[in-house]
Amino acid sequence: MRNEKLRSVDGKELTIYVWDEVESPKAVLQLSHGMCENLGRYDDFARFMNKHGYIVIGDDHRGYGLTDDGKGWSEGEFVGATVIDLLILNGQIKQKYPDLPVVFLGHSYGSILGQRFVEFNTGIKACVLTGTLALPYGVGLLGQALMWLPKLVLGKVRVAMPEANKGFEDTDVPGAWL
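Numbering-wise, the sequence shown is residues -1 to 176 according to my numbering.
If you're looking for bench data, these hints aren't it; they were derived computationally from the structure.
Yeah, the Cβ is synthetic: ideal placement off N, Cα and C, and Gly gets one too.
Misleading hints may appear alongside valid ones.
Claimed, not checked - Once the Cα atoms are required to be at most 20 Å apart in a straight line, the calculated PhoX-like pairs of lysine-lysine come out as:
| no. | residue 1 | residue 2 |
| --- | --- | --- |
| 1 | Lys123 | Lys3 |
| 2 | Lys123 | Lys24 |
| 3 | Lys24 | Lys92 |
| 4 | Lys3 | Lys94 |
| 5 | Lys94 | Lys123 |
To be verified - Each pair of labels, with its calculated beta carbon distance range:
| no. | residue 1 | residue 2 | range |
| --- | --- | --- | --- |
| 6 | Asp8 | His50 | 34 to 42 Å |
| 7 | Leu131 | Arg0 | 13 to 21 Å |
| 8 | Lys24 | Ala132 | 39 to 47 Å |
| 9 | Asn119 | Leu4 | 32 to 40 Å |
| 10 | Ala132 | Lys3 | 19 to 27 Å |
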């Protein structure tokens, strides 16, 4: 595995993870992690996929992991911006591997991003969404409106929940509660 950098349209620098030690690749798996995670947590899974012929590429989303030092804060409309980040990464994947199909895998928060990602008809071969949710119309809009309250008061939005680790013995390990 190696890390690369990707600059998004707004100048934000994202950390990209690439697992590409595959002799005869079948496809590229674009991976989108869940809330309070980072893509490094998927190392064992990505190596397993490599052994079975899949290149795995993804990013630490805004507010998470190496992209934002795990601070958990993001400014602006971060969900839409993160979907744009996924689209940019998808375009780079297709440029680097034009003859390979791309499969999108989003878990939890990554699956919510994936629901918006697929609306852009990126030509992916398949989309796998795990730990996802579907909300009745209006509930999602209400949630988005409520997310703007901290932005109005603090100027930024908390996208991670470090407090979730409280009550676990191994609190020195980020995401131990997961």
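Quick one: which hint numbers does this structure break? Sort them smallest to largest. 1, 7, 8, 9, 10
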